[in-house]
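Trainee: Model the placement of chain B on the given structure of chain A, informed by the hints.
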Amino acid sequence: MNGWLLAIVQTGVFIAAAPLFSGWVKWVKCKLQNRRGAPPWQPYRDLNKLFGKEIVLARNASPIFRIAPYIVFSVTAVACSVVPLLAVGLPTSALADVIVLVGLFALGRFFLSLAGMDIGTAFGGMGSSREVTISSLAEPAMLLAVFTLAMSVSSTNLSSMISTLLQRPFHLYPSFIFAAMGLVLVALAETGRIPVDNPATHLELTMIHEAMILEYCGRHLALMEWGAMLKLMLYAVLLVNLFLPWGVALTFAPAALLFATLILTVKLLLLGLALAIAETGLAKMRLFRVPQLLGLAFILSLLGMLSHIILEVR
Amino acid sequence: MPLFIAKIAVTFALLSAFIPPLLAHWPRLSKLLAFTLLGLAGLSALVAGGMALLHPHPLHETLPVGLPWLHAQIQLDPLAGFFLVIVGLVTAVIACYGPGYSREFESAEQPLAPLTIFSGLFVTSMFLLLLTADAFSFMFSWELMSVSSYFLVSYQHHKVENRSAAFLYLLMAQVGGLCILLGYGVLAGFGTDFSFTAMAAAQLSSGWQTIAFLLAFVGFGMKAGIVPLHVWLPQAHPVAPSHISALMSGVMLKVAIYGFIRFTYDLLGEIHWTWGVLALIIGAASALLGVLYALMQHDLKRLLAYHSVENIGIIYIGLGLSMIFAGTGHPALAALGLVAALYHCLNHALFKSLLFLGAGAILQQSRQHDMEQMGGLIRRMPVTASCFLIGCISISALPPFNGFVSEWLTFQAALQGSVLESGVLGSLIPVAAAALALTGALAAACFVKVFGVVFLGLPRNPVAEQAHEVTFGMQFAQIILAACCLLFGVLPTWTIGALTSISQSLLGEGLPEASAHGWLWLTPVAPETASYGAPMVLLGLLLAWLLAWLWFHPQRRRLPMRRGAAWDCGFGTLNARTQYTATAFSMPIRRIFGPVWPIKEQLVAATSKHPQRYLLQIGDWAWQKIYLPLGSLVLSAAKRTAMIQGGNIRVYLAYSFFTLIFILWVLV
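Same order as they appear, the protein sequences are chains A and B. Quick note on the working numbering: the first sequence kicks off at 68 and runs consecutively. Quick note on the working numbering: the second sequence kicks off at 93 and runs consecutively.
To be clear, the hints were calculated from the coordinates, so they are not data collected in a lab. It cannot be assumed that every hint is accurate.
As the list claims (entries may be wrong) - Derived list of chain B stretches under chain A, where covered just means 3 residues or more per stretch with a C-beta under 8 Å from a C-beta of chain A: (1) 215-228; (2) 241-255; (3) 398-411; (4) 487-499; (5) 585-596; (6) 678-687.
Claimed, not checked - Beyond 10 Å from chain B on every Cβ pair, some chain A residues (computed): (7) Val80; (8) Ile138; (9) Ser195; (10) Leu233; (11) Pro236; (12) Ala247; (13) Pro262; (14) Ala343.
To be verified - Here are some of the chain A residues that sit facing chain B, going by a computed Cβ distance under 8 Å: (15) Leu117; (16) Glu121; (17) Ile131; (18) Val142; (19) Val145; (20) Ser196.
Positions of the beta carbon are idealized from the N, C-alpha and C atoms, including for glycine.
Isolated chain A, as found in the complex:
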């Protein structure tokens, strides 16, 4: 029972903290670009404002358009309950393994891109087309990267993956380094960050995510935006907890949880910093260069897997 309670609390923390992480990345980016920048908690204000606004629906919007934000949000929320944030061994972690997690992301994306097609504007269709193209290249790379880890610890359950990694003596596995590099590239593509997509712009011919949700407003837009922030946080937590698992609590003792929170905060702050630096230093790619980036991610993941099979087995 204790475990279930902790799982619910952890999911709540996850959902509540996601805007803060996005705000932090934005704030650091502003500092790096010599701008004053909004405080890190600005996303909460934005969301609050959007929830308070009335909705204007296009006349030909179908029910798909109206249920899509709820589906996107709830799929991401369920994904949050599966990814170990502070502690491993929670009962919700048995709900879904990492393959199901990828499937859940795909389900959210399916409805997101359908919503883009729904009104029949050229922008929405363009965004959907680009989104499914990029994600269909990113998904195999991601699966291959997590397969590398899964084969190394012989489990696809995220919780037991992390606890196995924590409990065995530290080694620098080449396969892990390759997989981590692959997963970083996938995360950039999947969360719509520079160099694949620019989360800060609107009405650019290069945009992807914003083009799909261009017709949304009010609470629908808020749910979509929150879903995107959750996704960014999910990938961030996946990266830091899978590849740098130290600090994740193995027991439900309060002291361990407190320590885990502290360590996780530091890890996420550092990751946010790195992301902001990368986004400041890099330029957005042309759309048709993105497949090369994702091809690189795929090759890296494949190298990781092959190096695991050739070097690390037996």
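Mentor: Same frame as chain A, but now just chain B:
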């Protein structure tokens, strides 16, 4: 008892073929009777198959028909029972759908009788095929199946494309049938007679075993539609009536898989791991090429046909993994791969039939094959749209629907590849898994395109604007299949529990762990290795949705929802021509995977009559590189041979004379 019910099913199917045409004077009664009998046949097959699956005692019987020294033998074991369930379920659903759908054929000049007769025979032949236990009656049912479906494909034979598709289908079915016959011939040559028990007992050398396997692989693969033997599928499926396409694609391909499993696992004896490698490579190639070709199609039913190639590829990946594990001495993992493949057979039968029925409903209403002419149908046909959406989600392998479960099991089987000693196999299997992942993601992309272009957006054609919902029977059929898609996705443990009796009988190993932790958790290997709680995921999704909805519900916020015009960038009203088309949607993928297709792209300059036009033709490499050269080779060989036929009686007499001399020389 199950065998008796199965016989009843066969009888009903036969009656549905032959009774209704006798009542040709009462067309309505005849149609109703035909579909009722077909539905009863389907239901009894469902019951018989279910009983055989749940109470696994193989039943044998010898029927007093056939050649005097070779009576027809029938048997019903779990494997046959499972496929009988698939055939029966889809047939019963088709029977609900048929009366509404075949309404348009009543007014056509073509009488309905051939459709009734050959549908009945087609279903009968599939039932018989699953029940037979000797090669002779197997081949008889196999040929009956090919021929009756040939007549169904060529039903609307006034159209040229129907005739040519049907001919191609018959040709390939016959070549495939010949390969299977030779495969049985090899087995029978080493055994004592043609019954399956005698063949299974035969002792073959490993070389002959491989020859028999290859013959069966090609023969059954041709019917199942593996690359590069798939070319008849995208021709034959679009032209057959839609409920027949559902039967052919959803069920007949599965019957070919049944034949392959029966031949390889049951009759051949020892499984060699190299066969698994072949199946794995061909399966991965089929899956990937199938989905890539599907992405480029605009004809809705042709697109679905290419997706059958993809899904058969996924089934072959599962079978390949299972055969590799079986050949290297890991029966438990072999059972996992086999169960994954069988589960995908069931799932594909469900969602592909659902999608073909949906496509038929759209076709009936919009009278268009071309997706570029549809659009906005969700408002005109809400039930069809909802069911089609469920089909799209299921075939894209997204949780919590059924397609995901079988792909997840296949992934789990692939991840166990590290138990193998061979490093080459160890790296081949993950690459196949990566191909499977790419396939799944591309399938999702394809079905976003399909649903978005067909059902969402603005209607692109006045006919599409006039569409309305189909008859109740047609809706009911789709709802049943959609419900099954959800059910088999959310409660996989029960199905897997039933499927283990098949792996138990074929490999001597079940999956005891899979359902050891209750119906909530699916744990194929061990709970700490991987678990999937499908009901809990669905519950979590619904809960999160409910919470979000309650929190932000309009009544809580007291905010109205206003309708307005879509934002058009200030350029004036949007119309259907400004929205994204299917061609435009798949353009980035076409550019990225360019060399996969033979593409002909052409811009026709504007004239006084036509505006500027963009022509795009996408072919099939298998057709251009294998079949066209093969066809011209056959043609030129035929021309060469025709030279001996001069029409001159003296030359013919000379032929006879020399033949006679030759025979005398040989004999004496």
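Trainee: Hints the structure violates: just list their numbers, smallest first.
Mentor: 1, 2, 3, 5, 8, 9 and 15
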